[in-house]
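Build out the structure end to end from the sequences listed, making use of the hints.
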Amino acid sequence: VQLQASGGGLVQPGGSLRLSCAASGSIFSINVMGWYRQAPGKQHELVATIGSGMRETYGDSVKGRGTISRDSAKNTVYLQMNSLKPEDTAVYYCRYSDVGSDYWGQGTQVTVSS
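Under the working numbering, the letters of the sequence shown match residues -7 to 106, in that order.
These aren't lab readings, by the way, just hints derived from the structure by calculation. Note that the structure is a prediction, hence the values are computed from the model and not measured. Glycine included, C-beta positions come from ideal geometry on N, C-alpha and C. Wrong hints could be hidden among the right ones.
Stated by the list, open to error - Straight-line C-alpha distance at most 25 Å; calculated PhoX-like pairs for lysine-lysine:
no., residue 1, residue 2
1, Lys77, Lys34
2, Lys77, Lys55
3, Lys55, Lys34
Stated by the list, open to error - Cβ-Cβ distance ranges computed for the label pairs, FRET-style:
no., residue 1, residue 2, range
4, Gly6, Gly45, 31 to 37 Å
5, Lys34, Leu2, 16 to 22 Å
6, Ile22, Gln(-4), 20 to 26 Å
7, Thr49, Ser75, 18 to 24 Å
8, Leu38, Ser(-2), 19 to 25 Å
9, Ser75, Ser12, 15 to 21 Å
10, Val91, Pro32, 21 to 27 Å
Okay, structure coming up:
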């Protein structure tokens, strides 16, 4: 499975962004895709995931500010984040997992700064 992420960049505090991650290759019908992030000097943390059954989970730091969605026909997940804060600055990683596989994308930098 290959994961292609896009949508990172520089955003002002209070702004919004939308990340996309497209999976290709041997996609199993039952899977979970989502986003994790790692800020400098901090541990990897969950941002949001969504299963093939559309069940969503969110990390505490983005609850109420983020929405994850997916287009199963395109094997693509989207993360809409609003009211961005400087502490949202991190490398965001896309992840795909199914019963026998676990893949990570290359990461996309999100910087929230004025």
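Practice task
May I ask you to test the hint 20 to 26 Å on the CB atoms belonging to Ile22 and Gln(-4)?
Solution key: holds, 21 Å
Problem - Straight-line alpha-carbon gap Lys77 to Lys34, limit 25 Å - result: holds, 16 Å
Handout entry: Range hint compliance [Cβ, Gly6 to Gly45, 31 to 37 Å]
Key = holds, 34 Å
Practice task
With respect to the beta-carbon atoms only, verify the hint that Leu38 and Ser(-2) lie 19 to 25 Å apart.
Solution key: With a Cβ separation near 20 Å, Leu38 and Ser(-2) satisfy 19 to 25 Å, so the hint holds.
Problem - Assessment of proposed distance window 18 to 24 Å (beta carbons of Thr49, Ser75) - result: holds, 20 Å
Exercise for the section: Mind checking the alpha carbons of Lys55 and Lys34 for me, to see if they're no more than 25 Å apart? Expected result: Distance of about 19 Å is within 25 Å: holds.
Practice task
Take the C-alpha atoms of Lys77 and Lys55, compute the straight-line distance between them, and say whether it is at most 25 Å.
Solution key: holds, 13 Å
Problem - Outcome of range test on Cβ distance (Ser75, Ser12; 15 to 21 Å) - result: For Ser12 against Ser75, whose Cβ atoms are near 20 Å apart, the range 15 to 21 Å holds.
Practice task
Could you see if the CB distance from Lys34 to Leu2 stays within 16 to 22 Å?
Solution key: holds, 20 Å
Exercise for the section: Starting from the range 21 to 27 Å, see whether the pair Val91 and Pro32 falls in it by beta-carbon distance. Expected result: Violated, since Val91 and Pro32 (Cβ atoms, about 34 Å apart) do not stay within the stated range.
When each numbered hint is compared with the structure, a violation occurs for hint 10 only.
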